[in-house]
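Read top to bottom, the protein sequences are chains A and B. Residue numbers for the first sequence follow my numbering, beginning at 1 and rising by one. Residue numbers for the second sequence follow my numbering, beginning at 1 and rising by one.
Some hints could be false.
Keeping only pairs whose Cα atoms sit at most 30 angstroms apart, straight-line, the calculated DSS-like set for lysine-lysine is [what the hints assert, rightly or not]:
{"hint": "1", "chain 1": "A", "residue 1": "K79", "chain 2": "B", "residue 2": "K24"}
{"hint": "2", "chain 1": "A", "residue 1": "K229", "chain 2": "A", "residue 2": "K112"}
{"hint": "3", "chain 1": "B", "residue 1": "K22", "chain 2": "A", "residue 2": "K176"}
{"hint": "4", "chain 1": "B", "residue 1": "K39", "chain 2": "B", "residue 2": "K29"}
For the record, the hints were derived by calculation from the structure and aren't laboratory data.
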Amino acid sequence: MKFRLETIVKFFKDNKIAAFTIFAYVVVFVYSPNLGIDSLKMTASYFLEMLEILPAVFIVMGMVEVWVSRETIMGIFGKGSGIKGRFASVLIGSFSAGPIYAAFPVCFTLLKKGSSVSNIVIILSAWAVVKAPMLIVETQFMGLSFMLVRYIFTVPAIIMIGIITGKIISKEYVIKNSSKDGLLVERIDELLPGHNCGACGYGSCRETAEQIADGDEEPDVCVPLEEEKTIRELLETCS
Amino acid sequence: MNITAIGLIILAISLLIWSFTKDKEKTIKGLNVAKNMFKGIAVEIISILALIGLFLTLVPPGTIRSVLGDTSVIEATFISAAFGTITLIPAFVAFPLASSLVDEGAHLVSMAAFITTLTMVGFITAPIEIEYFGKKFTLVRNVLSFLAAILISLGMGLIL
């Protein structure tokens, strides 16, 4: 990869939020450097809090990905898992750590493995609002009756939200519209010859696989490739 | 570090050890999946955290408090729900904040709306949600959650 202006422009095109954030910080720093420094300090404290849980979240997901079979997930969270699936979803959500955006990758993995859309929404919502460890904090600050009544209303509400969303959105839509697939690189890597010959200009087949998965290179960049057709089909189903 | 974080880390480590003893290759593959997913989302998470840091510095809790000063319960509920939607504060901070707002005269109903939208509806996190699940899914889920938050809090108002 050459570091030129094009590379930077492409990075910001791929990461619009990052571009917006940097822009916002530049404005604030020009206006008042002190405010900017305070914001960075606050960001750092959130970041450290995230670092406590994120690596563990991703490791658990990786292990689920290789060990838990599709059939198992489908049995627990799939279509037709019924009321048991609903409550399993509430439970798994409420015993998880971290804010809702830590739940997105986990739910995406479960979805690919066979969970239904409605149960994904229930897990997401429960993950966000029905936090078992937070019960104590909520009671402490808002009182026992506030906590109890809120939960009695919230649990049926999130199950309803899940069911309605599952009716409106099909699973095929979600899979088709998702641009996150950590497995894609793995699968492409397996299909590449694995000689690390360097004819494509990258140091290893793995790097090439990452470039192809991101859409930055075409599969035919690999000179000795035999599985071009399979890779193209893979890219098509995942994009 | 709170108890869920510790529990999660213990879970991850025990899973890893168990996995390694059973099948080394599978474990490495799983770790690669984890690494790729993490790489795919790292820039976004850092950007979002930076935005939250900026937002909370520019709009400190005191300002939120003054906005919720003297309005009717219904009005305050909608304003609180909207505030909860655009902000993203860890729940550990949200409960003390809500409780201090109640002390200063905010209604319990509006605080229930605030806490519920705060955690369940994510305006700032929507770009990440779209990346994973698509636009329509994100829109439907967030709109339904917002409506549910209003209904939950109004329902609570009838009982409390």
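Verification of the supplied hints:
1. Between A/K79 and B/K24, the direct Cα distance comes to roughly 33 angstroms. Violation of the 30 angstroms bound is thereby established for this hinted pair.
2. For the hint pairing A/K229 with A/K112, the CA-to-CA distance comes to about 23 angstroms; that is within 30 angstroms, so the pair holds.
3. Between B/K22 and A/K176 the alpha-carbon distance is near 34 angstroms, which puts this suggested pair outside the 30 angstroms criterion.
4. For the hint linking B/K39 to B/K29, the alpha-carbon distance of about 15 angstroms falls within 30 angstroms, and the restraint holds.
The structure fails hints 1 and 3 (numbered hints given earlier, in ascending order).
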